[in-house]
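If you're matching them up, the sequences are chains F and A in order.
Per this note's numbering, residue 1 is the first one in the first sequence, and the count goes up by one each step.
Per this note's numbering, residue 105 is the first one in the second sequence, and the count goes up by one each step.
No lab work stands behind these hints: they were computed from the structure.
Treat the hints with care, as some may be off.
[Unchecked claim] Not everything, but these chain A residues come out facing chain F in the computed CB check (under 10 Å):
| id | residue |
| --- | --- |
| 1 | 119 |
| 2 | 224 |
| 3 | 235 |
| 4 | 237 |
| 5 | 252 |
| 6 | 256 |
Yeah, the Cβ is synthetic: ideal placement off N, Cα and C, and Gly gets one too.
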Amino acid sequence: MMEQVADPLPQIACTKVILELSVNNHPGVMSHICNLFARRAFNVEGILCMPVADGTRSRIWLLVCEDSRLEQMIRQLEKLEDVLGVRRHGAEHEVFERLEDFFR
Amino acid sequence: MTQLTGAQLLVRLLERQGVRTIAGIPGGAILPFYDALSGSELIRHVLARHEQGAGFMAQGMARVSGVPQVCIASSGPGATNLVTAIADASLDSIPMVIITGQVPLSMIGTDAFQEVDIYGITVPITKHNFLVRSAQELLTVVPEAFRIAMSGRPGPVLIDVPKDVQNQLVDFDELPSPAVPDAGPKLDMDAIEAAAQMINAAQRPVLYLGGGVVHSGAAALAVHLAEQSSLPTTMTLMALGTMPMDHPLSVGMLGMHGARYTNLVLEEADLLICVGARFDDRAIGRTAQFCPNAKIIHIDIDRSELHKIKNAHVAVNADVSTALEALLPRVKVTLRTDWLAQVAELKQRCPMLFPDVDNPRSHYGLIKAVADALDDEAVIATDVGQHQMWVAQAYPFRRSRQWLTSGGLGTMGFGFPTAIGAALAEPERTVVCFTGDGSFKMNIQELATLAEEGLNVKIVLMNNNALGLVYQQQSLFYGKRRFASKYRTEPDFVKIAEGFGVPALDLDKAEDLCAALTEALNTPGPCLIHATIDREQFVYPMVPPGGANTEMIGG
Numbered sequence: 001m002m003e004q005v006a007d008p009l010p011q012i013a014c015t016k017v018i019l020e021l022s023v024n025n026h027p028g029v030m031s032h033i034c035n036l037f038a039r040r041a042f043n044v045e046g047i048l049c050m051p052v053a054d055g056t057r058s059r060i061w062l063l064v065c066e067d068s069r070l071e072q073m074i075r076q077l078e079k080l081e082d083v084l085g086v087r088r089h090g091a092e093h094e095v096f097e098r099l100e101d102f103f104r
Numbered sequence: 105m106t107q108l109t110g111a112q113l114l115v116r117l118l119e120r121q122g123v124r125t126i127a128g129i130p131g132g133a134i135l136p137f138y139d140a141l142s143g144s145e146l147i148r149h150v151l152a153r154h155e156q157g158a159g160f161m162a163q164g165m166a167r168v169s170g171v172p173q174v175c176i177a178s179s180g181p182g183a184t185n186l187v188t189a190i191a192d193a194s195l196d197s198i199p200m201v202i203i204t205g206q207v208p209l210s211m212i213g214t215d216a217f218q219e220v221d222i223y224g225i226t227v228p229i230t231k232h233n234f235l236v237r238s239a240q241e242l243l244t245v246v247p248e249a250f251r252i253a254m255s256g257r258p259g260p261v262l263i264d265v266p267k268d269v270q271n272q273l274v275d276f277d278e279l280p281s282p283a284v285p286d287a288g289p290k291l292d293m294d295a296i297e298a299a300a301q302m303i304n305a306a307q308r309p310v311l312y313l314g315g316g317v318v319h320s321g322a323a324a325l326a327v328h329l330a331e332q333s334s335l336p337t338t339m340t341l342m343a344l345g346t347m348p349m350d351h352p353l354s355v356g357m358l359g360m361h362g363a364r365y366t367n368l369v370l371e372e373a374d375l376l377i378c379v380g381a382r383f384d385d386r387a388i389g390r391t392a393q394f395c396p397n398a399k400i401i402h403i404d405i406d407r408s409e410l411h412k413i414k415n416a417h418v419a420v421n422a423d424v425s426t427a428l429e430a431l432l433p434r435v436k437v438t439l440r441t442d443w444l445a446q447v448a449e450l451k452q453r454c455p456m457l458f459p460d461v462d463n464p465r466s467h468y469g470l471i472k473a474v475a476d477a478l479d480d481e482a483v484i485a486t487d488v489g490q491h492q493m494w495v496a497q498a499y500p501f502r503r504s505r506q507w508l509t510s511g512g513l514g515t516m517g518f519g520f521p522t523a524i525g526a527a528l529a530e531p532e533r534t535v536v537c538f539t540g541d542g543s544f545k546m547n548i549q550e551l552a553t554l555a556e557e558g559l560n561v562k563i564v565l566m567n568n569n570a571l572g573l574v575y576q577q578q579s580l581f582y583g584k585r586r587f588a589s590k591y592r593t594e595p596d597f598v599k600i601a602e603g604f605g606v607p608a609l610d611l612d613k614a615e616d617l618c619a620a621l622t623e624a625l626n627t628p629g630p631c632l633i634h635a636t637i638d639r640e641q642f643v644y645p646m647v648p649p650g651g652a653n654t655e656m657i658g659g
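Start from the sequences and build out the full structure, keeping to the hints where you can.
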């Protein structure tokens, strides 16, 4: 459970944002995407990825905190060759909520 | 149906893309490719002495031609030695395709001999990268790599090719077409209209040109815009030459080592028209105090640059040439007498100073003497440090792609191999590499390549036997504690050059320095020109690190 994680970093109330990415499906795509966040010390709170349709593409769901850098992050994501599209959803999106049982 | 090995196919695809010169170093995992390359009648291979040298040679070819160029290395250390040149290309938006050999697919991930994850290593420093998993994939990957390298904002693309993929046989009906760049973003005409209105309404506009003007081939359009609307024009380090330094509207380079008046003109501006520049920290100083009174128009082909550092009032996501072409007919012909008079007054009050410029044994004097001996057809490369800034301040650049320097990454060791690359691409030109003793030693082994190729490259070595810019910063900002910035021994660079088979001239011993220099610069072929300079001479003016551009010291 989240509460059992060591003392939380002093955080200004984090507004959750959910990003939906349509990407090509091959080894390395996840690495390109995670790298963009990691090199900017921008934590990704949650990641979900599954192939869609015939498996040539995947959908990635990212759970991140609202941050003044988020718009820049989205633009950087859109520049990646393997990212075909980025949609932004609010915290009300249920994709991560349904998974909470697996994290208890 | 044609059958080739992956290596042969790779060579054919490069030939078809128009690649004619490749710099590289062979090694185990890239040997099938080298074997195939030996059969090419179109591609010339230049054997570098260190992979970083090969990377910068490709950069030199790309920087003067604007077309993606290729370098090659083997797996492991060969590949990691390219990393600095790739990162440098990434930060300065230079189109390159880097091909590395890799251990066979079945051995990847086993810590095999000379295995390194160059794909993973280069994720953050390439525009895109590929690990090729079958020879068949080369048919799409190679044209894709070139397309990506040259489309939009240019950049480096890496292709990692395992040895067994190079040896694999592949059948195909026909080769894919050579790659062409993608069309630029669709122009937002409302934004162009708004930009034109802001320019027409401004009282004190300044045009701020960046490297994107060079990449887009838009220098003539930018000068046209400046002349049409009386726009004082400043250039970033990367854009030097896009407007001739002696153009009446040029206010020179901005930023950390720009002239005082240039930064003061920007302070006065009520409109900043940023074209293909990215508000780099060395250019703008403290962000909040840069152009405090100005509205901003920002034109850039990379959407992620817009609003990144400074919020733009009008942002135009477009190829610079396309945007300027659309803007020109909408911008009124204006003579801004008052504003230009104010700029002239600032220039007179706080001019760029070149102390001792008439003495060719001083740093500015030497640069001037070199410029006087050459015409605008010469290419000028530099390394990184004091000499780089002095050349940027003092050399009369008058055309795009005349000036090759490592702007974003600031890589010592860049200049010399880049100059070799420039000479490979444009052998009819004289290529001068201004360097310092610290930088030169970082790729000095390429003297062997230069001697072998016999290229028209002149190395002007400004020797103060120190890491001059470090020495300067320690002198100014670290209580004069000059630590690890002075060398305790001094190599004999003239003997070193001659030992490699490169003729050398020691200006310290020349009686008539200018005559000796002019003769050396105008004699075809390689030459090292050595000049001792004074270690106590610093680059001025200077914005202290973290300071605002108006808080300059010196000069």
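*Contradicted hints - numbers only*: Number 1 - this is the single hint that the structure violates.
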